[in-house]
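Chemist: Now for the letters of each chain:
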Amino acid sequence: MTRNILAPLTLGLVLLFLIGPFIIIVAASFSAGETLAFPPQGFSFKWIAKVFTVESFRQSFGTSLFLAIGGTLAALILGIPAAYAMSRYRLPGAETVRFMVSLPIVVPGIVVGLALLRYFVIPAGVPILLALFLAHTALILPYAVRVVSASLANLRSDMEEAAVILGASRIGAFVRVVLPNIRGGILAAFILGFVTSFNQVPVSLFLSGPGVRTLPIDMLGYMEIVFDPSIAALSSLLAFLSIGIVLLAERFLGFSRYV
Amino acid sequence: MSFLRLDGLTLAYGKTPAVEGLNLDIHRGELIALLGPSGCGKTTTMRAIAGLMPVRAGQITLDGRDITRVAANRREVGLVFQSYALFPHLTVFENVAFGLRLKGMSGKALEDKVMAAIASVGLTPFAQRKTPDMSGGQQQRVALARSMVMEPKVLMLDEPLSNLDARLRLEMRTELQRVQKKTGLTMIFVTHDQIEALALADRIVVMRNGAIEQIGTPEDIYNRPESAFVADFVGFETIFALKDGAMVTKGEPVPVPDAPAGAAALAWRPRAVTFGEGRFEGTVLSSSFAGSAREYLLDTPLGPVKAEVDAALPAHDLGATVRFDLPVATAAALRRAE
Chain A
3 MTRNILAPLT
13 LGLVLLFLIG
23 PFIIIVAASF
33 SAGETLAFPP
43 QGFSFKWIAK
53 VFTVESFRQS
63 FGTSLFLAIG
73 GTLAALILGI
83 PAAYAMSRYR
93 LPGAETVRFM
103 VSLPIVVPGI
113 VVGLALLRYF
123 VIPAGVPILL
133 ALFLAHTALI
143 LPYAVRVVSA
153 SLANLRSDME
163 EAAVILGASR
173 IGAFVRVVLP
183 NIRGGILAAF
193 ILGFVTSFNQ
203 VPVSLFLSGP
213 GVRTLPIDML
223 GYMEIVFDPS
233 IAALSSLLAF
243 LSIGIVLLAE
253 RFLGFSRYV
Chain B
109 MSFLRLDGLT
119 LAYGKTPAVE
129 GLNLDIHRGE
139 LIALLGPSGC
149 GKTTTMRAIA
159 GLMPVRAGQI
169 TLDGRDITRV
179 AANRREVGLV
189 FQSYALFPHL
199 TVFENVAFGL
209 RLKGMSGKAL
219 EDKVMAAIAS
229 VGLTPFAQRK
239 TPDMSGGQQQ
249 RVALARSMVM
259 EPKVLMLDEP
269 LSNLDARLRL
279 EMRTELQRVQ
289 KKTGLTMIFV
299 THDQIEALAL
309 ADRIVVMRNG
319 AIEQIGTPED
329 IYNRPESAFV
339 ADFVGFETIF
349 ALKDGAMVTK
359 GEPVPVPDAP
369 AGAAALAWRP
379 RAVTFGEGRF
389 EGTVLSSSFA
399 GSAREYLLDT
409 PLGPVKAEVD
419 AALPAHDLGA
429 TVRFDLPVAT
439 AAALRRAE
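Heads up: the sequence lines are chains A and B, in that order. First residue of the first sequence: 3, per the numbering used here; consecutive thereafter. First residue of the second sequence: 109, per the numbering used here; consecutive thereafter.
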């Protein structure tokens, strides 16, 4: 009997632990009070509305969006050919490349951020936005290579040979036969990269500078000065945006196959 | 004048040689089978003709043109892959239209040609179907139409029947013969199954370890194998080498005064072994019933001997002693004992 209660109880506690903070934040964002508090005082949309009026949020949202889209596209442009080459040709050092490409996942972001700042950005005088762009590209690249590799592994190479015999060039065969068949993997990689970049904190923390900040860094800064529920409102909005993207991806692509 | 000529063709995977100095002449309109066990170089040779495999040495000439260094997409050859290699994101129509579109064909002309090709393999109702939804036999027909529509000078097929069940296999065999007779296309197919090769081909090229073992008509290969390897491949199960006018056996040499001149070995099909009487004696190791016939494996002082007899005759038990003979008259004389 105890057993039958224990399992759902454990599950319930774990879920509460995972979802609890999220529920608190969402509830707090509809508060009518002046400070970030739970349970919320009253109900209003005023903090949600306020988020859109804060100039720095608008700016850093733009920066984050640019980094997430630009960085992911750049990572895909580099990652797709890399994944293709590693899956189709027996290259010397392919294992090393595979390992190096996954390093940014393993190494703590704080170390990557510090190292980039101290030994790359400052000595080379790299502009802030460019530094952020390069760092985000490097952070997303492992995901791009991995996810695209997974979908390439399911694609037989004789299809490309068939295309070549029918008159296609090597590149033509890639564009006409390979790309359409790994479309799902590329989209999955894009979404994963986008979300990774958008939620990135430690590396961005080191590389953000005067005037150029990503949204999470801007939120950290804002919270140090102002303690109103708008930060909860913004967090909720971002969370729902992420959930929406992932749900759409799952619905149309079977996203979970690739991750 | 040969239509497709392989001259001293040498191929390798890295440092591993795959085909060594292969010479072959194929005539226009011929249906050729490359026959051999896996790893004999038959598929590699086919890939080299298609341009998917770099040539180390030698020359490939097709219709008077040296294509040794010509890129695969300019060779005017067709290849039906063993896996069919259809494009899963395209419909049957678009699969077949793929090559023609690359050639710049479009509109009504394209549609007519593609639909004619699809009709020729009996798939008209499926033209708008995506290929992964189709059965293996249908997919193969799509692959065949996709290659045929390009009007290649040579059409090659990699193990065309091996992925099909028995009924479809027979159907496809007939289909390939019909297509070949109708179009007069030069065709090469690769197979490890001698029955397929015998049934389909005008000429069979038996390959072994990257070299040609024997070239001949199905009758030649089946009835007059030149080597022990070919003989074994086409069902001569009992083979003894000849040395100084005697058969080399597991036990004592057996003199064969009437052996044909120049023979290096003698080979018997199970059918050709005289069973129930003769000079030798053996014990029944195993017996298997195969409908009209019964097959015995005999343990004999000469070595193992396989014999086939009419199933209507009374069966022998395992361990029974039976007499048998290996008449020179029913043996095939091999020129090479290996």
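Source of the hints: derived by calculation from the structure; they are not laboratory data. Don't take each hint at face value.
To be verified - Here are the simulated distance ranges between beta carbons:
1. Gly370/B to Ser159/A: 33 to 39 Å
2. Ser159/A to Lys221/B: 45 to 51 Å
3. Gly245/B to Glu252/A: 33 to 39 Å
4. Val248/A to Arg209/B: 55 to 61 Å
5. Ala217/B to Ala87/A: 34 to 40 Å
6. Ile21/A to Ala274/B: 54 to 60 Å
7. Arg90/A to Thr391/B: 53 to 59 Å
These figures come from a predicted structure and were not determined experimentally. Idealized CB from N, CA, C, for every residue including glycine.
Chemist: Hints the structure violates: just list their numbers, smallest first.
Modeler: Going through the list in order, the structure violates hints 1, 2, 4 and respects the others.
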